[in-house]
Amino acid sequence: MHPEFRGDMDHHDGTSDAIPGGYVEKQRPGELAFAIFLTLASLFLLYSAYGISGFDALSAPGAIPMATTLVMAISAFAVVLRTARLKKVTTETLSKDILPGTVVLFIGFLIVFGLLLQPLGFVLTAAVFLIVAIKVLAKRGWGYTLAVALGSLVVIWIVFRVVFTVLLPAGVLPEAEFIQYFRNLMSAGAS
Amino acid sequence: MSRKLISAVIALGLSTTIAVAQDYPTKEIQGIIQWSAGGSTDTVMRSVTPHAEAALGGTVVMQNMTGAVGAIALNHVAGAKADGYTLLMGAENPLLYKVMGLGDKDYSEFTPINILARGTPILVANKDAPFDDYSGMLDYIASNPGALRLGSTGPGGLPSVITAMMNTVEGELDVIAVPYDGDGPALTALQGGAIDVMPAVLGAAIETIRAGAIKPIAIFDVEQNENLPDVPLVTSFNDGYNTYLPWGPFFGVFAPKDTPDDVVAKLSAAYTEGAANPDFMKLMEDRGFTMMGISGAEATAFLSKWQQGTAWLLQDSGLAKTSPEEFGIARP
Amino acid sequence: MDTFLAIFTVFTQLDLLVLVGVGTFVGIYIGAIPGLSVTMAVSILISFTFSWDVYPAISLMVGIYMGGVYGGSRTAILLNIPGAPSAIATAMDGYPMAQRGEAGQAIGVTTVMSFFGGLIGILVLALAAPFVSEFALSFQPRDYMLLAVLGILLVGSLSSGSMIKGIFAGSLGIAIGAVGRDPLTFTERFTFDFQIMEGGISFIAVMIGMFGVSEALMQLQNVNMKAVRQKIDRIVPSFGTVKKYLPLSLQTSTIGVIIGALPGTGGDIAALMAYDHAKRVTKKPKVPFGQGAMEGLVAPETANNAAVGGAFIPMMTLGIPGDAVTAIMIGALFIHGLNPGPMLMIDQPDMFWFIVGALFTANIFMLIFGLTGIKIFTKIVEIPRSIIIPLILLLSIVGAYAVNNSITDVYWMLGFGVFGYFMRHYGYPLGPVILGVILSRLLDDNWRRAIISEREELGRFFHGIFTSPLSLVLFVAVILIFVSQTPLWAILKKRLFRKTS
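Protein chains in written order, with the UniProt record's numbering: chain A, 1 to 191; chain B, 1 to 332; chain C, 1 to 501.
Everything labelled a hint here was simulated from the structure, so no lab data went into it.
Do not take every clue at face value.
As the list claims (entries may be wrong) - Label-pair ranges, simulated between beta-carbon atoms: (1) C:Phe-462 with A:Leu-81: 31 to 37 Å; (2) C:Phe-466 with B:Gly-136: 28 to 34 Å; (3) A:Val-136 with C:Phe-131: 58 to 64 Å; (4) A:Pro-100 with B:Ala-80: 52 to 58 Å; (5) B:Asp-23 with C:Trp-52: 48 to 54 Å; (6) C:Pro-247 with A:Arg-85: 41 to 47 Å; (7) C:Phe-466 with B:Ser-143: 24 to 30 Å; (8) A:Phe-55 with B:Glu-273: 54 to 60 Å; (9) A:Leu-81 with C:Phe-482: 31 to 37 Å; (10) B:Phe-327 with A:Phe-182: 20 to 26 Å.
To be verified - Straight-line alpha carbon distances no greater than 20 Å define the calculated SDA-like cross-link-like pairs of lysine to any residue that follow: (11) B:Lys-282 with C:Asp-53; (12) B:Lys-81 with C:Ile-407; (13) B:Lys-105 with C:Ile-196; (14) A:Lys-135 with C:Ile-383; (15) A:Lys-135 with C:Val-223; (16) B:Lys-127 with C:Pro-130; (17) C:Lys-379 with C:Ile-364; (18) A:Lys-139 with C:Leu-150; (19) B:Lys-215 with C:Trp-52; (20) A:Lys-139 with C:Asn-224; (21) C:Lys-379 with C:Thr-185; (22) A:Lys-96 with C:Phe-369; (23) B:Lys-81 with A:Ser-53; (24) B:Lys-105 with C:Val-236; (25) B:Lys-321 with C:Glu-456; (26) B:Lys-321 with A:Ser-53.
Just so it is clear, CB atoms sit at the ideal spot from N, CA and C, and this is done for glycine as well.
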């Protein structure tokens, strides 16, 4: 086994950060493309960092960004060179091991979540997300799905919105009025 | 559509707004604090708001929204519905956003609810600095050009305005301006000797001065300060400062422009009552703030006068990115 | 002597004792949930405790602070998602233990060691506060910069796997930290003229995305895998175990106190530095680092709890906050009519001893609550993945939003989540990214301050380093660690070895 490889054979998928995924001696599907993407992105950021203040002064706001993006570009390029020399893993494919259907589906869910959060409001978006996600993953009946999804949503909502007064996007539901109503009830009950 | 129907619709619209205003607040109010938790704006707002809440009979939920020198919070509240349920709790900085190129909005997008208090600037020095008063400091700068390290907090912050004032009144001073991201860290650096002199707000420096860890050089005000009666006024060294003083950072509560007048009136009354609370007054006095508690036309006039004076001061000393003239800010 | 007796105030007044206990208990849960931070909880408490007396208010805050710093380790161990930034290092060895069913043991050791670290922090606060605060004040911008460089060199020990990928990840982190308006000159950096970029990227959002979302996506690939059954019979570590790690925990606690006492650095950096230290001094760990080494748990957990006591040192002696939480507490003291500053120790020494007492009590409560609730807590891991994955994703979104009430942070969090997912697959370590983001401002701001103070002259800058003992020590440490990580060291060692033999 390669001396740089400190993980164990079962964890090439990087389940734990201390045991990063990947094989040291082989190239996973898409690994080279990812490294090339990083190199190009770093070069673009380097160009952008140069645009901050150029070679103005040692203390210029762009000095450290330029230095770091340069290191990024060099190291990413080194990774490209190293990866390109490695043999491909024959047992894996991109669609099976790196981006299986469920993962793509969930990334899609998250994007939709992000887009709907502001207009629709947190409570509705989260409810839809939890119901759909649990239904897809657990493959159980609607009763179970709804109970688990809505039950946990209520707990999360109470902790964040009521106890920690995090002003989650209210959207279309009259959330603040609802809370005020309960507050009035409480104060009426207290007095 | 018949004329009757239109007027009926308008009447209905009006009556609902009136109903809303009379019941205001029917839900909790969001108070967006421009600066991070633990800062002076945060402390002042969190200590006045409970008193104001009692007067208002409602709840104000306070949230810190930091970033981009407070511009994020300002834009957020300016873009919120003008119904009195989103308030901005801010400081003086937004009045300089336009000239400093930090944003295209300022308090002209808002109706002031209450300008609570004003701070007094003071020049403080490291306790081992080789001078003890203002004229000594000027002599030191003259004989050691480019040696004195002066703390600053970025363009448009209090130190930069005071430095601009000094440069205008005394002529260009050859010092090194070392930037910090707030007066707290800069005052810490002053105690540790990383910088020699720092223009700060009196409230932030007062306890350290009392302990003798830093020494006061001059107070930038026209009246002797009760908390530090022995510290000389800068006007006693140079009359020229009378043109610009009194000047100071301030804290205020703002609502988006076009908030219904009666809602503004209700909020103003609540914050005026809150600010008059003896506990709050004592707290502010101990921190060396001058209570203002102004609202309405008086507050608007104060804001525009402040903006004119400061923006042009920065423009004249070459710190402004865009001339105040571009934004219709008249020279005072 | 009377003032010293204030240390017992907490024990003699039942309501204060209860408040510290409640605070600690709540704090553990706040710390454990990513996105709920102690800073947030304490600032809400300011309004909440407004009308209270100062002692009860401070009791509650101290409890939450102590509990919260510890609580972050829970989710780090059980789910590989650090509940708080200071628990990032804990995940590295804690999670592999949980995967082997040793979560109970990991939490047990973590709790006892957090208690120990907290105790050291409090002791230093009580006995040497003025001395330490003087030392902390003497740090100049160049020293902070050297400290940041020292921190960045930790990339080496945080990136198991490929070093070059670690370097990339670390510099990416520094670049992420630079996004937005530069706090010193307000210049726009990497904003591409988008207004939403001006606020920068919250590092909590990066952390939640990289650890929370990418972990959840990773686990999607084996949704139906049965959860590891956790052994929970041996929770409290034996006396022998504790004794074995005593020397190490003393060293890492010292690191924690000093880093905690420095204004501008806190438990997160302390924990990472301590982890690195442990890796350096432990010659033969029973289990390799990164696969569940006890030392990898002991070091960060003692350090981040020791940093709590450390953070109070400049706050109590100088009125300077040691971190974000103590900054808010200073505000709280103001609101309650006290004037925190260098005079507080002289005017109101009771307050100092009261806080020492409250911290000590909170530390004991932390030990009690930490060791008793483990059974229920470890059940989290045994919840079916089909439920816990959606919940982690939802909590990540809420948490990222809560940090700064900003929807932009949610987008960043999701973006880094997906990016982190690919990084994991292709063997790029995530720890260095977070390290870079944490250290970015410290490095950037202080480098610029240091060089501006020397009128942009590198000669004067190095002259400054060589004439100040503190800077020189830091500089030598930077050089030594750097050399020890490069091939140069191996060559040097070989030569030396040949000569002696």
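Against the structure, the hints:
1. Range check, Phe-462 (chain C) to Leu-81 (chain A): Cβ separation about 35 Å, and the 31 to 37 Å hint holds.
2. Against the hinted window of 28 to 34 Å, the Cβ-Cβ separation of Phe-466 (chain C) and Gly-136 (chain B) comes to about 32 Å, which satisfies the hint.
3. A hinted range of 58 to 64 Å holds for the C-beta pair Val-136 (chain A) and Phe-131 (chain C), which are about 60 Å apart.
4. Checking the proposed 52 to 58 Å range against Pro-100 (chain A) and Ala-80 (chain B) shows it is violated: the Cβ atoms sit about 42 Å from each other.
5. At roughly 31 Å, the beta-carbon separation of Asp-23 (chain B) and Trp-52 (chain C) lies outside the given 48 to 54 Å, and the hint is violated.
6. Restraint check, Pro-247 (chain C) to Arg-85 (chain A): a C-beta distance of roughly 45 Å satisfies the suggested window 41 to 47 Å.
7. Remark: the range hint 24 to 30 Å for Phe-466 (chain C) to Ser-143 (chain B) is upheld by a beta-carbon distance near 27 Å.
8. Evaluation of the 54 to 60 Å hint for Phe-55 (chain A) and Glu-273 (chain B) yields a pass: the beta carbon distance comes to about 57 Å.
9. In this structure the hint that Leu-81 (chain A) and Phe-482 (chain C) lie 31 to 37 Å apart at CB is violated, the actual value being about 24 Å.
10. Remark: the range hint 20 to 26 Å for Phe-327 (chain B) to Phe-182 (chain A) is contradicted by a beta-carbon distance near 46 Å.
11. For the given pair, Lys-282 (chain B) sits about 16 Å from Asp-53 (chain C) by alpha-carbon distance, which is consistent with the 20 Å threshold.
12. As the CA atoms of Lys-81 (chain B) and Ile-407 (chain C) are separated by approximately 18 Å, the hinted pair is consistent with the 20 Å bound.
13. Under the criterion of a C-alpha separation no larger than 20 Å, the hint pairing Lys-105 (chain B) with Ile-196 (chain C) is consistent with the structure, at around 15 Å.
14. Between Lys-135 (chain A) and Ile-383 (chain C), the direct Cα distance comes to roughly 16 Å. Compliance with the 20 Å bound is thereby established for this hinted pair.
15. For the suggested pair Lys-135 (chain A) and Val-223 (chain C), the alpha carbons sit about 13 Å apart, so the restraint of at most 20 Å is met.
16. With a C-alpha separation of about 18 Å, the suggested pairing of Lys-127 (chain B) with Pro-130 (chain C) holds against the 20 Å cut-off.
17. Restraint check: the Cα-Cα separation between Lys-379 (chain C) and Ile-364 (chain C) comes to about 24 Å, which exceeds 20 Å; the hinted pair is violated.
18. Our distance criterion of 20 Å between C-alpha atoms is broken by Lys-139 (chain A) and Leu-150 (chain C), whose separation comes to about 50 Å.
19. Proximity of Lys-215 (chain B) to Trp-52 (chain C) is assessed by CA-CA distance (about 35 Å); at most 20 Å being required, the pair is judged violated.
20. Between Lys-139 (chain A) and Asn-224 (chain C), the direct Cα distance comes to roughly 11 Å. Compliance with the 20 Å bound is thereby established for this hinted pair.
21. This hinted pair does not check out: Lys-379 (chain C) and Thr-185 (chain C) have alpha carbons roughly 50 Å apart, beyond 20 Å.
22. Annotation: proposed proximity of Lys-96 (chain A) to Phe-369 (chain C) is violated, straight-line Cα distance about 44 Å (limit 20 Å).
23. Proximity of Lys-81 (chain B) to Ser-53 (chain A) is assessed by CA-CA distance (about 38 Å); at most 20 Å being required, the pair is judged violated.
24. About 59 Å separates the Cα atoms of Lys-105 (chain B) and Val-236 (chain C), which puts this hinted pair outside 20 Å; it is violated.
25. With a CA separation close to 24 Å, the supplied pair Lys-321 (chain B) and Glu-456 (chain C) exceeds the 20 Å bound.
26. Straight-line distance between C-alpha atoms of Lys-321 (chain B) and Ser-53 (chain A) comes to about 16 Å, which keeps the hinted pair within the 20 Å bound.
Checked against the numbered hints given earlier, the structure breaks hints 4, 5, 9, 10, 17, 18, 19, 21, 22, 23, 24, 25 and satisfies all the rest.
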